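In the order they appear, the protein sequences are chains A and R.
All residue numbers for the first sequence refer to numbering that gives the first Met the number 0, where the first residue is 0 and numbers rise by one.
All residue numbers for the second sequence refer to numbering that gives the first Met the number 0, where the first residue is 0 and numbers rise by one.
Possibly wrong hints are sitting among the right ones.
Under 7 Å between C-beta atoms, here's a sample of chain A residues computed to sit facing chain R [said to hold, decoys possible]:
(1) I16
(2) H36
(3) Q190
(4) N191
(5) G195
(6) L249
(7) A251
(8) Y253
(9) L284
(10) F302
(11) A303
(12) G307
(13) M335
(14) I444
Pairs of lysine-lysine, BS3-like flavour, derived with a Cα cap of 27 Å [claimed, not checked]:
(15) K283/R with K341/A
(16) K310/R with K275/A
(17) K402/A with K111/A
(18) K243/A with K310/R
(19) K519/A with K74/A
(20) K176/R with K104/R
(21) K483/A with K532/A
(22) K341/A with K285/R
(23) K341/A with K310/R
(24) K208/R with K176/R
(25) K163/R with K52/A
(26) K163/R with K208/R
(27) K109/R with K120/R
(28) K519/A with K275/A
(29) K275/A with K341/A
(30) K308/R with K275/A
(31) K240/R with K376/A
(32) K213/R with K109/R
(33) K220/A with K308/R
(34) K243/A with K308/R
Since the hints were made in silico from the structure, they are not lab data.
Quick caveat: nothing in here was measured; it's all calculated off a predicted structure.
For each residue, glycine too, the CB sits at the ideal point set by N, CA and C.
Spelled out from the first residue to the last, the chains are:
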Amino acid sequence: MAGLATSFGSGAMTNSISEIENAELLFLIGTNTTEAHPVIGYKMRQAARKGAKLIVVDPRRIELAEEADYWLRIKPGTDIPFLNGLMNIIIAENLYNQQFVDERTENFAALKETVGKYTPDYVSDLTDIPVEDLYAVARLYAGTDKAMAFYTLGITEHVCGTNNVMNVANLAMLTGHMGRPGTGVNPIRGQNNVQGACDMGALPNVFPGYQRVIDPAARGKFEQAWGVPLAGELGLMIPEMFDKANSGELKAMYILGENPVLTDPNSNHIRSGLDKLEFLVVHELFLTETAAYADVILPAASFAETDGTFTNTERRVQRVRKAIEPLPGKTNWQTMIALCEKMGHPMSYSTAEEIFLEMASLTPSYGGINYTRIDEKGLQWPCPTAEHPGTPYLHANSFVRGKGLFQSIEHIPPAEMPDQEYPFLLSTGRILYHYNVTTPYSAGIASMWSDEYTEVNPEDAARLGFVSGDIARVSSRRGEVTTKVTVTDRVPPGMVWMSFHYGETPTNVLTSAALDPITKTGEYKVCAIKINKIKEHIHE
Amino acid sequence: MEMVSLSINDIEVEVLAGTTVLIAAEQAGIHIPRLCYEPDLSFLGACRLCVVEIQGMRNLPASCVTTVTPGMIVQTHSPVVIEARRTILELLIANHPQDCLTCEKMGDCKLAQYCYEYGVKQSSLQGERHNYAVDDSNPFIFRDPNKCILCGKCIRACAEITGKNNLDWAYRGFETKATTFYDVSFGESDCVFCGNCVSVCPTGALTEKQMQGKVRHWEYQKIRTTCPFCGTGCSFDLCVKDDQVVGVVSSPEGAVNGRALCIKGRFGWDFIHNDRRLTTPLIKRKGCFEPASWDEALNLIADRLSEIKVKHGSNSFASLSSARCTNEENYLLQKFTRVVMGTNNVDHCART
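Excised from the complex, chain R in its bound form:
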């Protein structure tokens, strides 16, 4: 593989030919701010926040779409670059609601993060502002187009991860909008509610509705686990606050899926806290279920199963294990059936 040497902030860096300046800097431990760049999506170069100074180039090029050349001399945080980034941020917030106190994205907002880093408190630019209606058409994705910075990540995620192409640019100039075909709500569109757009949105334009008003992004703990629905085996993080699951977020590290999920994995988790969950053993007496203690229930089961085994033999018992349960639970149930009940009558729904 051909290697290219260049200088970034006076550090000599050697990277593979074809690498972008943004990645080369990252490999040298330098973080260049970015809003529209996402490693698992195609590169757009739209937000301009990742501009850098490159000796011999007339303008400040976007580092996410500029490939390295031998001997290139790059400055990522020179005064002119910082000034340019401040201006870009001011332009972005000139037309961005500043309701950060109640914004769902607070604590996880890239725009707020960079404004903080670059000391942009408010915009000196005054002009027309959008006043779009929010899209609250479905139980999964809350969409506030006023908070959209037109980075186009949702469009690319929908096309390049999910392959639905449900989103694209509409209108021109100031009216430009990342939206659905015919600019209808998500609920009326062909959206499949995989939420892969939500997982890449850098601002509060697309947020998880199920988390609305329940949790701040710094309040939950993330527990990496495996999806309990189909056989694909996607990884995701359960967001936990006060011993309650409050959401699911994906990360690019999923072994099978990267950040991609479907509606079931990302939004189907709320069965966990469904009111109808059983929390105590139930014993049927005269045709009605009555709550019982664990001891009472397990004693009854132990007595009845032992009795039936003695009276009718081991093969009068059978167990149905579960393709939904863990390996450990399946192992134990087949062991119980074989060791305790003395029969091979154990099966599960692989055949159904």
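Bound-form chain A, shown alone:
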């Protein structure tokens, strides 16, 4: 998000899901869409079958790789040189959109100088992508009138995640694939309401609507609305919270609906931080691995038990409707109001809509949205006034920040690469049948997919004596887990892939503590591990 905010002035997905249907070209880098965002994946597959060109850049042979015009099996952690290599060719062959670059962007000279060093031969060496594929993809992407770029955590979950994102933005701006339907830079957001949680200011640096806490005018506005003086210094980001919990500076936490013990990298550090807190409140549906550390657990209501809204990846604000009474007797917003009241700050909301309306009155991009207007189809922000129809694609005539900013970006290798002791590269992600750590509570889903199956390439499996179904121990410098193994060429030799859905195989014990310096996003996609067989597959 920080990457696109720097390049464009807004971190959100620029275009709309419905534009995929009529797209001319889809450029997918670091997104296994058919598994992580299946319904968007369906649309991509339909578009490809209707004739849209499909370029898939992924180390794994993901489903969409099978449908792609070009599948580039990139070496993990080399996205920056890859993108620089494409831009090198596009500039050298004069395929870039001169008019767009002149009128809509700045800092082109610096970009040109940097990518000039990334010659096709050099890039091919770094990325393992054949030179002819680099040329073909560069020419195809630049030569197509409208091209949509998509990425997810395969781009962001690296030490250089922010730089990766800015480099995707560079490529789109260079070719003028921005500000029109069927173009854009489209990060597909992972969770149902990750866009909304950001929009709502559940971030340490901004109030709702990305109004910065260090900006005195913004602070004044919220002080007036909320009737109290507000802190003006930046708050802590998640990894800093757990660092300070470990060092004893952070004493108390309130955790709503998150399970960092299972989902955050280097989970032993999370566990010790939670352990050291003087007081921990966890507001949750289940007694999760994180809730086990709580002093008080508040039972939460699920989405079926509350009114409200979610904002999807294309900025569409849609209704969530209460279908049944909350199982614990209170919706989550009622619980929070009750707590505020007990702490001397009574709040007078009697419905979820009243909360929404207060938020919308303080959040310009939501200013024209109310429950009546979004009853049927939702509305895509920005929607500043009651008459505004919503915004299917951003940056139409100018970027939110004015001119698009090219950033020249050099290759930053992953923080931890395989070596003699830990010879394999571990990458992680989601599988189709599970959603992070909630679906294991679905009886049907859990009964079909109950175990982790770590993917190992056949060449490596032959050398290590693995067959599918064997039990292995996977260890990194930070911890170890046991897992079943599946032998498959979905992963290239030297790479091992795991999901993170299972309490029995808590993959994030292994993942690296390395963070993107700007967003503090963990490098889930690359760390070094070793893998040993501990038990033969038992034929039943």
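Starting from the structure of chain A, add chain R where the hints point.
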């Protein structure tokens, strides 16, 4: 756009060139029965139930695949058309189990609906009947091939919505079957259990297993909501009976997804009523969680947080909000953190 005028049941109708007779009739407020037609799938013209009489045409054409022409004169419910539809329905039920009393589809079955409308009680035709094994191989989709009327909607949904192409026609003639590659069970096939085939099946051939024996189709209330899993933002209806969620069904109106869903949205909802759901506050005493009243729990939290804030300052507190929760809940938690606790230490898993 070129418009075409025609007459349907003696009503003058003007529609866009290229429109089918079935849609033209629909625009004139006339419903033509159909089993294999679905607006969001390609047109097949297989079931023949939508036949109409068109002046000058020798046979009764299927209206779902016949495009309008200028001056066309159409009768949608003439005696010869009604007779033809009755015969088609009789042919369909001649080889269809009539266990409607216990069929999961009862109340939502298109075949039963049209038999009712056309007064077809039983078939006068006697002949060979299928005796396929039911496919109960997975927790999501229950498949009874004996109830399949070969409309091919499941095949088209799998190919055209999901793009898996896991289903196709197998065998010939009376043995024709809509099935998986090698005619294996769904569980053994490449099925991804999105259930998009279930959402289009007009009969009891494909039904939601999770709803089996729990609810009749007229007993639940449908509450439109947004999926709580990934960021796509699909819409669907929660089916509610007696304050319990009993299922999820999709409809073509979804703003983002139409009727398409994936396994998580359509079949992952049962976490709602999982036995392990917490329903009462818990307070840890001597290392063990003990149930507590809301008041007790909230008082303890209020006291401890106030105490810590006074003793160690506002920045000794932090909250983790949630990308799974609603905007309203996120707004409140950041407001609580900033207003009540006095710190900007609020974050959520956008970065993880």
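Practice item. Hint by hint, work out which the structure violates, then give me just those numbers in ascending order. Key: Failing hints: none at all.
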